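Let the hints inform the model, and build the full structure from the sequences given.
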Amino acid sequence: PFFLNDMHMWQEQRRFVIQSLKDLGLGKTKLEEQMQDEINHFQDVLKSFKGQPIDLITPLTPSMSNNISTLVFGKRYDYDEPERKTLDKNLDEISKIIGQTATHIFFPWIKHIPFLLNWLGFEEGYKLFAVSDEIFK
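With the first letter of the sequence shown counted as 1, position 137 gets the number 137 in full-length UniProt numbering; the numbers rise by one all the way through.
One should not assume that every hint holds.
[What the hints assert, rightly or not] FRET-style restraints, in silico, Cβ to Cβ:
#1 73 to 40: 31 to 41 Å
#2 68 to 48: 14 to 24 Å
#3 35 to 14: 19 to 29 Å
[To be verified] Cut-off 35 Å, straight-line C-alpha distance, at most; resulting in silico cross-link-like pairs (DSBU-like, lysine-lysine):
#4 96 to 127
#5 96 to 50
#6 22 to 50
#7 30 to 89
#8 85 to 96
#9 75 to 96
#10 127 to 50
#11 30 to 75
#12 96 to 47
#13 127 to 75
#14 22 to 85
#15 47 to 22
#16 28 to 89
#17 96 to 28
No wet-lab data here; the hints were simulated from the structure.
Values in this document were obtained by computation on a predicted structure and should not be read as measured data.
Where is the CB? At the ideal position from N, CA and C, for every residue including glycine.
In structure tokens:
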């Protein structure tokens with residue numbers, strides 16, 4: 001039956017994801033400590049607003065990106081560091097573009113219509129990936 005093929009693929013993907021997460025530090029106390037440090041820093045940032053209303057995205061974005069940066073690069077960026085701000089801006093823009101380009105998942109033929117590539121954000125996405133790639137090098 002067809003579902004056995006899907007089950008086999010699912011099991012392989014699950015094994016891959018679990019192994020990848022273990023390789024990145026899942027289950028290790030060092031990773032947990034780094035994430036806890038970032039959470040503590042995030043709490044300090046929230047306390048600095050002294051109960052005033054804020055847009056939570058402003059402090060939350062760098063906190064989340066720092067957790068990802070620590071996990072992937074082994075490096076934490078200060079909230080005001082230009083590289084981190086560039087990465088966050090690119091991540092935000094890429095997220096918007098991915099939302100637009102998801103259309104081509106359901107209609108794969110759409111990518112063959114030239115004017116739609118720009119409208120869907122492919123060109124802009126390529127530029128943002130190039131800028132981020134330079135930071136990663």
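Outcome of the hint check:
1. 73 to 40: 31 to 41 Å: violated, 20 Å
2. 68 to 48: 14 to 24 Å: Once the Cβ atoms are compared, 23 Å apart, the range 14 to 24 Å for residue 48 and residue 68 holds.
3. 35 to 14: 19 to 29 Å: Holds: the Cβ-Cβ distance is about 23 Å, inside 19 to 29 Å.
4. 96 to 127: holds, 14 Å
5. 96 to 50: holds, 32 Å
6. 22 to 50: violated, 39 Å
7. 30 to 89: Between residue 30 and residue 89 the Cα gap is close to 28 Å, so the pair holds against 35 Å.
8. 85 to 96: The hint holds at about 17 Å.
9. 75 to 96: Holds. Residue 75 to residue 96 sits at ~26 Å (cutoff 35 Å).
10. 127 to 50: violated, 39 Å
11. 30 to 75: holds, 13 Å
12. 96 to 47: holds, 30 Å
13. 127 to 75: Holds, at roughly 24 Å.
14. 22 to 85: holds, 28 Å
15. 47 to 22: Since the Cα atoms of residue 47 and residue 22 sit roughly 34 Å apart, the hinted pair holds (cutoff 35 Å).
16. 28 to 89: Holds, because 30 Å separates the two Cα atoms, which is no more than 35 Å.
17. 96 to 28: holds, 33 Å
Of the hints listed earlier, those the structure fails to meet are numbers 1, 6 and 10, in rising order.
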